[in-house]
Amino acid sequence: MPQAITLNNISKTFTERNWKTFLFRKPRQTLALDNVSLTVNKGEIMGLLGPNGAGKTTLIKILSTLVTPDTGEGSISGLSLAADSLAIRNKIGMVSTNDRTFYWRLTGRENLDFFATLYNLSGPRKTKRIDRALELTNMHDKADSRFMSYSSGQKQRLAISRAVLSDSEVLLMDEATTSLDPIATRKLLTFTKDVLARQEQKTIIWCTHNLHEAEDICDRVTIMDKGKILYSGRLTDMEGSETQSLEQIFSNIVDVIHNSPPSDASGKIGRELLL
Amino acid sequence: MIQKQKLFTKPLAFFKRDFQIATSYRLQYITQGFGIILTTFSFFLLSKMFAGNDIAQLKPYGGDYFSFVLIGIALTDYFAISTNAFASEIRTSQITGTLESLLVTPTSIITILLSAYVYKLFSTSFRVLFYIIVGYVFFDMLLQPVNTLALCVAFILTLLPFFGIGLVSASFIIVFKQGNPIGGLMAMSSGLLSGVLYPVTVLPDWLKPLSAILPITHGLEAIRQILLNGAGIIAIRSELLILAILSVISLATGLLSIYYGLKTAKNEGSLLHY
Chain H
1 MPQAITLNNI SKTFTERNWK TFLFRKPRQT LALDNVSLTV NKGEIMGLLG PNGAGKTTLI
61 KILSTLVTPD TGEGSISGLS LAADSLAIRN KIGMVSTNDR TFYWRLTGRE NLDFFATLYN
121 LSGPRKTKRI DRALELTNMH DKADSRFMSY SSGQKQRLAI SRAVLSDSEV LLMDEATTSL
181 DPIATRKLLT FTKDVLARQE QKTIIWCTHN LHEAEDICDR VTIMDKGKIL YSGRLTDMEG
241 SETQSLEQIF SNIVDVIHNS PPSDASGKIG RELLL
Chain X
1 MIQKQKLFTK PLAFFKRDFQ IATSYRLQYI TQGFGIILTT FSFFLLSKMF AGNDIAQLKP
61 YGGDYFSFVL IGIALTDYFA ISTNAFASEI RTSQITGTLE SLLVTPTSII TILLSAYVYK
121 LFSTSFRVLF YIIVGYVFFD MLLQPVNTLA LCVAFILTLL PFFGIGLVSA SFIIVFKQGN
181 PIGGLMAMSS GLLSGVLYPV TVLPDWLKPL SAILPITHGL EAIRQILLNG AGIIAIRSEL
241 LILAILSVIS LATGLLSIYY GLKTAKNEGS LLHY
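So the sequence lines, in the order shown, correspond to chains H and X.
Quick note on our numbering: the first sequence kicks off at 1 and runs consecutively.
Quick note on our numbering: the second sequence kicks off at 1 and runs consecutively.
Just to be clear, a hint being listed does not mean it is correct.
[Unchecked claim] Capping the alpha-carbon separation at 25 Å, the derived lysine-lysine pairs in DSS-like fashion look like this:
hint: 1; chain 1: H; residue 1: 20; chain 2: X; residue 2: 120
hint: 2; chain 1: X; residue 1: 263; chain 2: H; residue 2: 91
hint: 3; chain 1: X; residue 1: 208; chain 2: X; residue 2: 59
hint: 4; chain 1: X; residue 1: 177; chain 2: X; residue 2: 59
hint: 5; chain 1: H; residue 1: 128; chain 2: X; residue 2: 208
hint: 6; chain 1: H; residue 1: 142; chain 2: H; residue 2: 42
hint: 7; chain 1: H; residue 1: 142; chain 2: H; residue 2: 128
hint: 8; chain 1: X; residue 1: 120; chain 2: X; residue 2: 16
hint: 9; chain 1: X; residue 1: 6; chain 2: X; residue 2: 16
hint: 10; chain 1: X; residue 1: 263; chain 2: H; residue 2: 20
hint: 11; chain 1: X; residue 1: 177; chain 2: H; residue 2: 26
hint: 12; chain 1: H; residue 1: 91; chain 2: X; residue 2: 120
hint: 13; chain 1: X; residue 1: 266; chain 2: H; residue 2: 91
hint: 14; chain 1: X; residue 1: 59; chain 2: H; residue 2: 26
hint: 15; chain 1: H; residue 1: 91; chain 2: H; residue 2: 42
hint: 16; chain 1: X; residue 1: 6; chain 2: H; residue 2: 20
hint: 17; chain 1: H; residue 1: 155; chain 2: X; residue 2: 120
hint: 18; chain 1: X; residue 1: 266; chain 2: H; residue 2: 226
hint: 19; chain 1: H; residue 1: 142; chain 2: X; residue 2: 263
hint: 20; chain 1: H; residue 1: 155; chain 2: H; residue 2: 128
Think of the hints as simulated: they come from the structure by calculation, not from any bench.
It should be emphasised that the depicted structure is a prediction, and the values quoted were computed from it without experimental measurement.
Build out the structure end to end from the sequences listed, making use of the hints.
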C-alpha cells in the first residue's frame, strides 16, 4: 500500500530559555521525541495515543512544519518535511482543539473564504470548494452566521471544513473531540470514518488520549509515552486485547517499557515486551 | 493541483479580512475622526503663537508652522504603522490564536506580513488625508501644487526603510514574544530627533549626526519640500539617495532577522507561544 507519511528516526529536544538560564544556570532540556519512526498508509486512520507529555502534539507540529526536528527526516506524500515545507502545507489540513484559530467576528463563510485564498484557491474553484466543504460538514445553514455564535460542535465542524478546503491528502486531527459533548463526539467520529476516510480517502492522524475513540475509528494505533513509540499496529493485535480493557493494556505497556532495558538500536520495542 | 493566483489575491484577502473586522467595530471611526479634529485644532492654536513672527528655521518650509507640524504629525502615522504593522500582525495572531492557522497554510510568512500591511496602509492613508482635509478646509493649511511623481517616489522610499525596521521588530516578537524595544525606540527617536514637531536645524550640534541617520528625518524633509515648496525630484535628490541606501540596508537586515527569527522559533518549538 502506498505510504502517505514516513518518519525516520525523528528526535526533538526542547531547551528552556529565559533570563535565569541566560545569566545563572544551565538550561533544562526536555526530550519530546526520541528516535521516532513511523509510516502511515494512504487512506488510513492512524490513532496517535498517549498520556499528556507523550510527544503527540510535538509530532503533529513537526508534521505541520511548525517545529523543526533536531535529527531524522520525514515526508508527506513524497515531499520532504525539511525541504518542501510550503508544498507540504498544501497537502495537509489541521484540526485542533483550539477554537480561537478562526476570526470570531467574521462569518463561517468569510473565514473559509479567507483561508481558501491562503490555500491558493481563487475564483469559481474557490467558491466550489467552500460550498463542498460546508456541504461535507453540514454547515451550509450556519455558514453566514458569525463564528462567535457557533456552538462547540459547529466550531469543530467549521475547522474540519477548513481542513478539507484545499483537497488536502492528510488530515492532522489533534484532540479534535476535546470540547464536544458525547453526541457531537459520536457524530464527528462517524463523519471522520465514513466520509473523510472512506469516501474522501483522506489519510488521517487522529491524535487523542481517549483509547475508546481510537478503538472506534482507527485502522492502526501508535502508542507513545515520554517521546517514544511503545507500540504501533492494530489495537486488536495487541496481546491481551480480548481479555483486558484498553486502559489495562495501555498501563501494562507503559509499566513494562518503563521497567525494561532500553529499546534496541532501531528505537522499536519488541512485541514480547508489551505484555 | 495547485491553482496559480494573481499577485494581489492574497493581499486583497487580508485587506478584506481586516476591513470586515474593522467595520464590525463601527464606533472606532467616530472616535478616530474626533481625535484627528481635536489634534489638528490643538496644533492650529499652537501655531497661532508663531503667527506673524518671522522664524528663520521655518523659512525653508514656507514659514507656516501649522502646515509644517501637520505634515509631520500625519506622516508619523505612516512611519509608526509601517514599523509596527508586521509585529502587530504576529502579536495579535499569537494572542488571538490565529497564528497557527495562518502558518499551516501554503503561504510564506513574508507574504502574510506584507499582505497584513495593506489594510493598515489604506486606513492610515485615509486618516492622513482626513488630517490634511481638516487642516486645509478648517484651519487654512498652506499647500502648494504638488509634483505627483516626486511625491510617490519620496513616499515609497520613505516607507521602505520602515518595512525593514518592521521586519526586525516582527522577528523580535517571533522569538521573544513581548518587550519589543524597536517600536518604542522609533517613536522616541522620531519625536525627538527627526523634525516632526520642529525643524532639525534647531537641534544641538551633537544630536544632528544622530538625526541624520534616521530615515524619518530625510523622509519628512523630502515630503515637506514637495508639499510646502512644490519641489521636484531633482531638488530632493540627496534625501532620496540617502533613503534608497537606508532602504537597502534596512530591508536586508529585516529579511535576515525574519529568517533567523523563524528558524530559532521553529527549533525551539516556540513559534505559537505567546
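Structure-based check of all given hints:
As the CA atoms of residue 20/H and residue 120/X are separated by approximately 38 Å, the hinted pair breaks the 25 Å bound. Our distance criterion of 25 Å between C-alpha atoms is met by residue 263/X and residue 91/H, whose separation comes to about 22 Å. Between residue 208/X and residue 59/X the alpha-carbon distance is near 19 Å, which keeps this suggested pair within the 25 Å criterion. Taking the CA atoms of residue 177/X and residue 59/X, the gap is about 45 Å. The hint is violated against a cut of 25 Å.
As the CA atoms of residue 128/H and residue 208/X are separated by approximately 60 Å, the hinted pair breaks the 25 Å bound. Annotation: proposed proximity of residue 142/H to residue 42/H is violated, straight-line Cα distance about 32 Å (limit 25 Å). With a C-alpha separation of about 17 Å, the suggested pair residue 142/H and residue 128/H falls inside the 25 Å cut-off, and the hint holds. Note on residue 120/X and residue 16/X: the hinted pairing holds, with a Cα-Cα distance of about 12 Å set against a maximum of 25 Å.
With a CA separation close to 16 Å, the supplied pair residue 6/X and residue 16/X stays within the 25 Å bound. For the proposed pair residue 263/X and residue 20/H, the alpha carbon gap of about 23 Å is at most 25 Å, so the pair holds. Taken as a hint, the residue 177/X and residue 26/H pair is honoured in the structure, with Cα atoms around 22 Å apart against an allowance of 25 Å. Taking the CA atoms of residue 91/H and residue 120/X, the gap is near 31 Å; set against the 25 Å cutoff, the hint is violated.
Simply put, residue 266/X and residue 91/H have alpha-carbon atoms about 20 Å apart, close enough for the 25 Å limit, and the pair holds. The suggested pairing of residue 59/X with residue 26/H is violated, with an alpha-carbon distance near 61 Å, which exceeds 25 Å. Simply put, residue 91/H and residue 42/H have alpha-carbon atoms about 12 Å apart, close enough for the 25 Å limit, and the pair holds. Restraint check: the Cα-Cα separation between residue 6/X and residue 20/H comes to about 48 Å, which exceeds 25 Å; the hinted pair is violated.
For the hint pairing residue 155/H with residue 120/X, the CA-to-CA distance comes to about 29 Å; that exceeds 25 Å, so the pair is violated. Pair hint residue 266/X plus residue 226/H holds up; C-alpha atoms about 21 Å apart against a cutoff of 25 Å. Between residue 142/H and residue 263/X, the direct Cα distance comes to roughly 39 Å. Violation of the 25 Å bound is thereby established for this hinted pair. Restraint check for residue 155/H and residue 128/H: the C-alpha separation of about 21 Å stays at or below 25 Å, so the hint holds.
Checked against the numbered hints above, the structure violates hints 1, 4, 5, 6, 12, 14, 16, 17, 19; every other hint is satisfied.
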